[in-house]
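Chemist: So the chains spell out like this:
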Amino acid sequence: MAAHPSGALWKSLLHQLWLPALVLAILVLATAGSTSFYFPPATDVLATLWRGLVHGELVSDLAFSLRNIVLGLAIATVVGIGAGLVIGEIPLLRRATAPLLDFARAVPTVAFVPVIILTLGIGSGPKIFLIALGSLWPILLNTISGVHGVNPAVHETARSYRIPWRLRLTKVVLPGALPQIFAGVRIALSIAVVLMVVSEIYGSPVGLGNYILQSGSSFAVPETWAGTVLIGMLGYGLSVLLLAAEHVLLGWYHQRPPRTRRTKPRNEVTPSCSGI
Amino acid sequence: MVTSTTRQRSAPGRAPLTGRARAVGQGRTGLLLLQASTVLLVLAVWAALAAAGFVSSTALPGPGAVFGRFPELFGDGAYWQAVLDTLRGAVTGFVLAVVVGVPLGLVTGTYAAAERSTRLLVDVLRSFPVIALLPVFLLVLGSTPTTKSTVVFIACVFPVFLQAQYGARSVTPMVAETVRGYRIPRLLRFHRVILPSATPSIMTGLRLAATTSVLVAIGVEVLTTLPGIGHEVVQAQQGDASATAYAYIITAGVIGYTINLLSQVAERRLLRWRPPAHTD
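Sequences listed follow chains A and B, in order.
Quick note: the first sequence uses our numbering, first residue 2, plus one each step.
Quick note: the second sequence uses our numbering, first residue 131, plus one each step.
No wet-lab data here; the hints were simulated from the structure.
Everything numeric in this text was worked out from a predicted model, so none of it was measured.
The C-beta atom is built at its ideal place from N, Cα and C for all residues, glycine as well.
Interface residues of chain A toward chain B, partial, derived using beta-carbon atoms under 8 Å:
#, residue
1, TYR39
2, ALA97
3, THR98
4, PRO100
5, PHE113
6, VAL198
7, ILE213
8, LEU214
9, GLY217
10, VAL222
11, ILE232
12, GLY233
13, SER240
Starting from the given sequences, assemble the full structure and let the hints guide the process.
Modeler: Spelled out as structure tokens, the structure:
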């Protein structure tokens, strides 16, 4: 992006922004003065959101939800990458665990929500556990496939030079698997947000999920929409943060010409691809 | 060159065994034995954990108790009804998502201007956790099967749309120039050029969406009173029958696993004419 002359940058921004701006404008205009009970004016929703954030009734909910997501995702990332490196490095282990892990990933974690919350309580511990459990599988599986996908020639070279295992791990295996790992974390993030919402709607005294449930069941419609919009912004904000981290850590990877890439960034339209 | 490496990665079980790999497992039976013993080991650890009492039996019943529930459930009409209810909601939403998402994705992927214009909007909407819309839908539509299918539809339409878009963009410039040079009519171009080259990517999208559809359907059932697997889990757990709850969870896992296997088979059959370039 930085390589663009600023004129081109503005032009590309304009290209990308006109439709979202148009949609927003249509939403505002179409609902202006709306008397429909379910679709209050968009300006009302935004005002409610702003009030909630400034006066702090939404802030504690937001903090609670955000903390659960970040902690759960952090646990899943550490465990997933750690276990994934081990399983990916040992071919026997990788082949032995493959069907089991595929099955584990196919089990919908949302079904665990009632079981865990009804037995372990409505505090934040069980929620963090659920988020970590759901986010673990994509990270673990992608780490395994990333480690496995490191070019065998690179592996053999590292081995024949007798590179110590610690150095090999940090300089060969981990960087080689990083693009895949990031793809996994990206999937995990969307799962984490869903589990955050479900676990809080299912049973929680605080949190954004609880906020939209409470306001929805007491027919405070602008509040429900405001909470929903805030959750959407939270999801988008976190994914943008993740993308930024990816750009910092994987700059070397995206700068390579596409032909030499081993994998493509999965179903992702990253800003770096905009020129291609 | 690129495809051959992807293929090896994508289907490790089918890839030709390298020297190292051959030394590891003695053919297919050895591997199967190994995998079976891993499953048994995990079951044993599960049983030991449940027996040791670190975790209360309501949170984690033993595998014996859980699998012992299946014979009774299989004979129970309510069990099959729940499975059917979940699948109905999932399939309705999924089919709608395909019908809407694939054409839109192909069109926006073909024209660069359309892709640029929709990018930010789609990015924002896609990262929106659909399940958060549930309270709103419950207000507007009520607790009906329509709500379930609608939520599933919204969750599935984005992976399908994005993969179709990605696939349409993967038409190589040379092919695109040739099509332009011969003034191929637009409809023929979509049908014969863009659709075939986008198919691998679309299949990936369908696979993602199929898994998502069941997940979201169950999520909706957990949070509402709509019948289905998710609802049965809640009922069982509230009735202190956590073994039954786990049996339903495993059922959900089997459904998800089966969908994954089926879509892989479908992908391989449909794309037999070309190497699987977009699988992962």
